[in-house]
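Colleague: Model the full structure from these sequences, guided by the hints.
Quick note on numbering: UniProt numbering labels position 632 of the sequence shown as 632, and the sequence is numbered without any gaps.
Any given hint might turn out to be false.
In silico DSS-like links for lysine-lysine, alpha-carbon gap of 30 Å or less [as the list claims (entries may be wrong)]:
(1) K23 <-> K482
(2) K457 <-> K482
(3) K469 <-> K550
(4) K503 <-> K23
(5) K480 <-> K467
(6) K503 <-> K546
(7) K480 <-> K23
(8) K610 <-> K546
(9) K469 <-> K546
Keep in mind the hints are simulated off the structure, nothing from the lab.
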Amino acid sequence: MEGSFTDILLLMMVAVFAVWLFKRVNLPPILAYLACGIVAGPDLMQIYEDPEQMHFFAELGIVFLLFSLGLEFSLPKMVAMRHLVFGVGLGQMVVTTLVFMGLALLFGFGPIPAFVIGGMAALSSTAIVIKQSSELGILNTTRAQMSVSILLFQDLAVVPLLIVIPLFAADGEQSLAVAISLAVFKGSLVFIILLSVGKWGLPRLFNEVAKTRTDELFVLTTILVALLAAGLTHSFGLSMALGAFLAGMMLGESQYKHQLEADIRPFRDIFMGLFFITIGMQLELSTFVSSIHWILSGLVVLMVLKVLLIRLAAWLFKAPGDDAWAAGIKLSQMGEFSFVIVALASNHDIFTSTEASIFMSIGILSMAVTPWLVTNSPRLVTKITRRKMTLPEQPVASQEKLQDHVIIFGFGRVGQSVSRLLRIEAINYVAVDADPVRVQESCAAGETVFFGDVQNKDILRTVGIDKAKLAILTFDEHTKAKAVIESVVALNPDLPIVVRTRKDYHLEELYMSGASQVVPEILEGSLMLVSQVLHLCGVPMSRILKRVRKERKEHYRHMHGFFPGETTEMTYGKQDKLEFMHAVVLTADAHAVGKKLGDVNIDTMRVSIKGLRRGNEEIAEPDPDTVLAVNDVLVISGKPRRVERAERILLEGH
Numbered sequence: 001m002e003g004s005f006t007d008i009l010l011l012m013m014v015a016v017f018a019v020w021l022f023k024r025v026n027l028p029p030i031l032a033y034l035a036c037g038i039v040a041g042p043d044l045m046q047i048y049e050d051p052e053q054m055h056f057f058a059e060l061g062i063v064f065l066l067f068s069l070g071l072e073f074s075l076p077k078m079v080a081m082r083h084l085v086f087g088v089g090l091g092q093m094v095v096t097t098l099v100f101m102g103l104a105l106l107f108g109f110g111p112i113p114a115f116v117i118g119g120m121a122a123l124s125s126t127a128i129v130i131k132q133s134s135e136l137g138i139l140n141t142t143r144a145q146m147s148v149s150i151l152l153f154q155d156l157a158v159v160p161l162l163i164v165i166p167l168f169a170a171d172g173e174q175s176l177a178v179a180i181s182l183a184v185f186k187g188s189l190v191f192i193i194l195l196s197v198g199k200w201g202l203p204r205l206f207n208e209v210a211k212t213r214t215d216e217l218f219v220l221t222t223i224l225v226a227l228l229a230a231g232l233t234h235s236f237g238l239s240m241a242l243g244a245f246l247a248g249m250m251l252g253e254s255q256y257k258h259q260l261e262a263d264i265r266p267f268r269d270i271f272m273g274l275f276f277i278t279i280g281m282q283l284e285l286s287t288f289v290s291s292i293h294w295i296l297s298g299l300v301v302l303m304v305l306k307v308l309l310i311r312l313a314a315w316l317f318k319a320p321g322d323d324a325w326a327a328g329i330k331l332s333q334m335g336e337f338s339f340v341i342v343a344l345a346s347n348h349d350i351f352t353s354t355e356a357s358i359f360m361s362i363g364i365l366s367m368a369v370t371p372w373l374v375t376n377s378p379r380l381v382t383k384i385t386r387r388k389m390t391l392p393e394q395p396v397a398s399q400e401k402l403q404d405h406v407i408i409f410g411f412g413r414v415g416q417s418v419s420r421l422l423r424i425e426a427i428n429y430v431a432v433d434a435d436p437v438r439v440q441e442s443c444a445a446g447e448t449v450f451f452g453d454v455q456n457k458d459i460l461r462t463v464g465i466d467k468a469k470l471a472i473l474t475f476d477e478h479t480k481a482k483a484v485i486e487s488v489v490a491l492n493p494d495l496p497i498v499v500r501t502r503k504d505y506h507l508e509e510l511y512m513s514g515a516s517q518v519v520p521e522i523l524e525g526s527l528m529l530v531s532q533v534l535h536l537c538g539v540p541m542s543r544i545l546k547r548v549r550k551e552r553k554e555h556y557r558h559m560h561g562f563f564p565g566e567t568t569e570m571t572y573g574k575q576d577k578l579e580f581m582h583a584v585v586l587t588a589d590a591h592a593v594g595k596k597l598g599d600v601n602i603d604t605m606r607v608s609i610k611g612l613r614r615g616n617e618e619i620a621e622p623d624p625d626t627v628l629a630v631n632d633v634l635v636i637s638g639k640p641r642r643v644e645r646a647e648r649i650l651l652e653g654h
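Modeller: Below is the structure:
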């Protein structure tokens with residue numbers, strides 16, 4: 001027991017350090033988990049010499065991942081995507097299996113090992129692609145549908161692969177046909193059972209659970225449903241992940257979909273981490289070093305061929321070319337079930353231990369580069385298709401036209417709204433955007449929109465930055481906005497720059513960079529709401545407008561800071577961005593009692609005084625000569641750590 005606890009503790013320490021280190025250099029946690037597995041594996045720290053000790057917990061990660069995926073793709077959505085799932089997905093599986101099987105035969109493998117290699121290579125990583133796409137916010141986009149459809153069919157295809165490999169090894173032709181027929185029957189039976197339970201049983205179950213208003217019960221029920229569905233398919237000799245996916249799909253149309261997804265996410269992420277750690281543990285460093293030339297060659301062949309074959313499958317079923325290239329790039333790796341197939345084939349003596357290690361190494365390396373490929377797939381598709389070079393009907397920048405004009409950086413929803421009002425007022429403007437589809441659509445509608453990177457000074461010169469009268473930044477990307485502001489200031493220091501930002505985290509920083517006016521949506525929305533409230537309360541419009549103008553002129557001075565609540569997000573990244581307000585009650589033994597407000601040196605703490613309450617009296621802007629008394633309530637505002645320090649000084653004096 002003590003040894004197991006120590007092993008778990010060491011593994012957690014390695015995992016925490018690896019994730020922290022990889023996030024510091026902007027690499028995804030998946031790579032950190034793979035690295036953790038390699039370090040903790042039998043060749044280095046030997047925390048777990050046998051990765052099978054963690055296999056069950058790792059498999060739970062796949063179960064919860066597929067359950068979450070099922071919630072995203074309900075049965076009606078699956079029916080609507082049948083052309084992609086059973087068209088492109090089936091085509092990719094068949095074509096890729098046959099091509100890699102042929103290559104394996106050419107390299108001297110027998111028919112059975114060649115078939116296993118083909119099936120193994122045809123699979124892709126549902127775990128990495130779905131997780132990375134979800135983190136990037138592109139999972140539900142049209143372009144991602146092809147990738148997800150292919151992955152869904154691959155997950156279905158795993159079932160017969162896992163059944164036939166042991167039968168191939170047993171060399172029983174008659175039993176093979178019977179087993180496949182039996183697997184189809186079992187799969188159909190499980191689907192009918194889960195469909196019936198999901199349609200009539202689960203909604204009633206969750207209705208009853210929801211009535212109790214007990215969060216713990218809802219979480220436990222969610223986990224139980226996912227595991228029961230996985231256990232059902234497992235008892236039929238099918239994949240546990242398939243059962244979890246079907247259960248999620250049945251619940252995908254319920255009103256509890258989003259709550260179910262939120263409840264399962266923490267467990268999914270933890271167990272998925274364990275899954276990738278076990279994958280890393282299976283890498284044999286000795287085989288990796290001695291066979292590095294075969295591994296790297298196999299990696300290149302695998303990833304290049306899969307991109308081309310997925311594009312071919314999409315072409316056969318007349319699917320969009322750009323989507324196919326993107327899907328090919330994202331799915332060019334080996335999948336998590338490929339490792340299961342390799343292990344199964346190795347156990348049945350289809351592969352030698354060296355061959356299995358080489359295939360494992362190729363799979364791990366292909367997984368390692370996948371997060372980068374998923375993130376950069378749009379840029380890679382642009383390079384492959386050369387869309388960037390062939391944008392139709394790009395407007396020509398006329399220097400006569402580009403005089404005393406407004407430049408809109410970013411032509412999304414906000415940029416387009418600004419342009420409409422400028423057009424109504426007959427104010428000349430041009431826009432710059434990096435989305436080729438949006439630029440094409442806008443140009444076709446008669447807008448003057450240029451395709452380009454707004455951080456590029458050559459682009460700025462092209463749109464007449466030196467002759468413009470105003471620049472507007474409409475995108476909500478703080479780092480990018482700073483870079484654009486600095487470029488604009490370098491080319492035209494006197495040009496007014498208006499910057500849109502969603503919140504007020506970086507207000508001062510953007511002003512310091514050279515912005516003339518920063519418009520935080522959250523504060524402007526509050527200002528408009530207050531204006532309506534004051535108007536309905538009978539406050540004269542002239543007074544309202546004066547107040548609004550004053551707030552804007554003072555950079556929303558009275559609107560910064562808020563009292564945090566139980567639901568306020570307090571992630572590490574937001575600690576130094578949010579500005580909180582906090583009420584400090586001065587007790588009888590407080591350090592500040594009896595002292596003038598100005599003598600407390602509150603300004604040196606880099607917080608501001610929002611108000612002072614003394615009994616029933618409220619002082620909005622207390623005078624520095626105000627002597628603080630017992631039971632005074634000072635409302636201070638600032639960054640969380642500064643507020644804590646200010647409170648400590650007010651109460652304790654240090």
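Colleague: Please flag the earlier hints that this structure goes against, numbers listed from lowest up.
Modeller: The structure breaks none of the hints.
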